[in-house]
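With chain A's structure known, arrange chain B on it following the hints.
Single-letter residue listing:
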Amino acid sequence: MSTKTSKQRVASGALVAFAVTGLMAGFSASCASDSQKMEVSAAAKHACATLNACKGQGGCKGTANACAGKNACKGQGGCATCEKHSCAGANACKGQGGCKSGDNGCAGKNSCKAKGGCAVPVKH
Amino acid sequence: MSAPRESAAAVQREVAQLQRWMQHVCTHPRGVAHALTTAESKAEYDVTVDQLERLVPPSKALSGLDRISIYAEMYVLRLLDVLREDFPVLLHALGPQRFEELARAYVVAHPSRHYNLNQFGRHMSAFVATRDDKHAAFLAELAQLERAATESFDAERADALGRAELEALRPEQWPALALRLVPSARVLAFRHPVNRYYVDVREGRKARIPKVGASWTLVYRKDWIVWRAQLSREQHALLEALASGATLGRALEKCAARTELDAAKLQQGLAAWFREWSAEGIFRSLG
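Protein sequences appear in the order of chains A and B. Residues in the first sequence are numbered from 500 upward in steps of one, following the working numbering. Residues in the second sequence are numbered from -1 upward in steps of one, following the working numbering.
Derived from the structure by calculation, the hints contain no laboratory data. These numbers were taken from a predicted model, which means no experiment stands behind them. Idealized CB from N, CA, C, for every residue including glycine. Treat the hints with care, as some may be off.
As the list claims (entries may be wrong) - Pairwise CB distance ranges (calculated):
(1) A:ALA513 with B:ARG102: 52 to 60 angstroms
(2) B:GLU38 with A:MET523: 52 to 60 angstroms
(3) B:ARG206 with A:ALA513: 38 to 46 angstroms
Only chain B is shown next, with the shape it has when bound in the complex:
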């Protein structure tokens, strides 16, 4: 290898090393000064805070630490923005200050590990549930609903069940029909009326943290828009059975056998429910 080429390769290695180091210290949830003490940082450049300006020279007005901290703080603030975007009703419920405290703690507990920022909030519901808050159970469910909307929005596209597929089946094949939900569908059960609270907030009505009261919600995407539909206990049981892999006949048998479900409501509602679900495209193509 010629000298200029060797030199260029050395520069590339140095730049790559610098990038790895800078990414680590700028994305460390505890800040630059702490990041410098970690093994990952030392593996690239073993510098203390006092020695940092060997790598990041000061400007006329800012120290090296100040300069690089701008990017480190921006990184965290953008993650907070992501959480605000993904959990606007949780933000409303907690208020800006408590939400920021929660979000900052979340960034430390669950650093972003995936290039897709839609993944970032996936632990929020479980995280909220562990917080010392008298409404933690409700807030965790609220986060679960908002998380479901993000997942639904981001879910892989799939063709919906079509008329021709169903018409190709003989009636004796119907009970064995395996209706699967499209990837964007989420069938949710809550101990609180979460969706009602959500709707109140989104529509600008005064909303108080509700008392315990079971509720069920379907979240799905149609034509690139995320929807939420309130479900009855019977609708939820049926969709949950189908989502868990039961055939149509088995799912209906299971629901009919459940004493807590209203058999009359089940029988009377079936055609209308399946009509709407079919129209909304929540069942996946059989192909």
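With the rest of the complex left out, here is chain A:
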């Protein structure tokens, strides 16, 4: 029993050594060229999975995305919020295209065209 346990420990120790060797090699890899990185990642990974906050902002192409440029929200757990939350209230959307898309509250309502109802809340 003790022999078996000892063998297990040796085997486990070897696995740990493999893992740490890999970790150390990874630190070098992170400093490697982009082409080496692509070789690792291109096959199975896809950038900017679902994030419309990055759409059209160049966010899927590099680090200078819509959020990276916003120091106030960088890494604060609120990156996309800067994009999305700004549209949460009607006024915040003024000039943001909020009334231009086909499926929002204003564009579909001919009745509010030019009535002042879209852009200025409770203006009488």
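Using the frame of chain A, we list chain B on its own:
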């Protein structure tokens, strides 16, 4: 307090009351007419639909209800936009009409309660799972993957494990090394090949709802970009053990002891796996 000051304070109170009321009726998922019947609305202004124009006068072309409904409907439509943005592949899988039905039901079942709209879709996977749809199990997993990407994007930043930290450890300390994943990392297990479907859709290939087939995916963020990596069963088991708090030595022992895992694959792959994970910065700094 002087009369003008009292007057200004009264106006401020009235405006605040009006704002609270308007926020409630405009954000109620069942619409303005229903919102007016709620206790929250009545607590501010006890008005019926017929009396609404005391608060919201009509314009030349629109009734008071029509006018305020514009904002109420915009609010819901923007929430639908958020869901479309967060779940584009689920949208593709369901088609626009069924997705909108789902999203409208979701808005009612799970109204937005947090200022951060990235939080809004957090119940979507569980919600989809309860729907009467023969593909509900797959669709729920798809929503889980898309949700993980949003969470990863929004996660708090953390320094990654560095070379100096590892070099400072003696070899006898390695087994006790507590490798923790960075907050943006999500280790996912699915009953369907969800990521493969996701990739097919995103790359414009024809994708059919897949049959059952286990799959594992790692979602993480590096340099402000969210990535997905397909995992093997062995890789998943290892990362899951580490994520649950096991030390490196214990995680490896646990995986080596699991008969459903391929021991040879585990041993042969270890160095390469950890190399990639380290390079991608998925382990958190020890400090």
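Verification of the supplied hints:
1. A:ALA513 with B:ARG102: 52 to 60 angstroms: Distance hint for ALA513 (chain A), ARG102 (chain B) holds at roughly 57 angstroms.
2. B:GLU38 with A:MET523: 52 to 60 angstroms: holds, 59 angstroms
3. B:ARG206 with A:ALA513: 38 to 46 angstroms: holds, 44 angstroms
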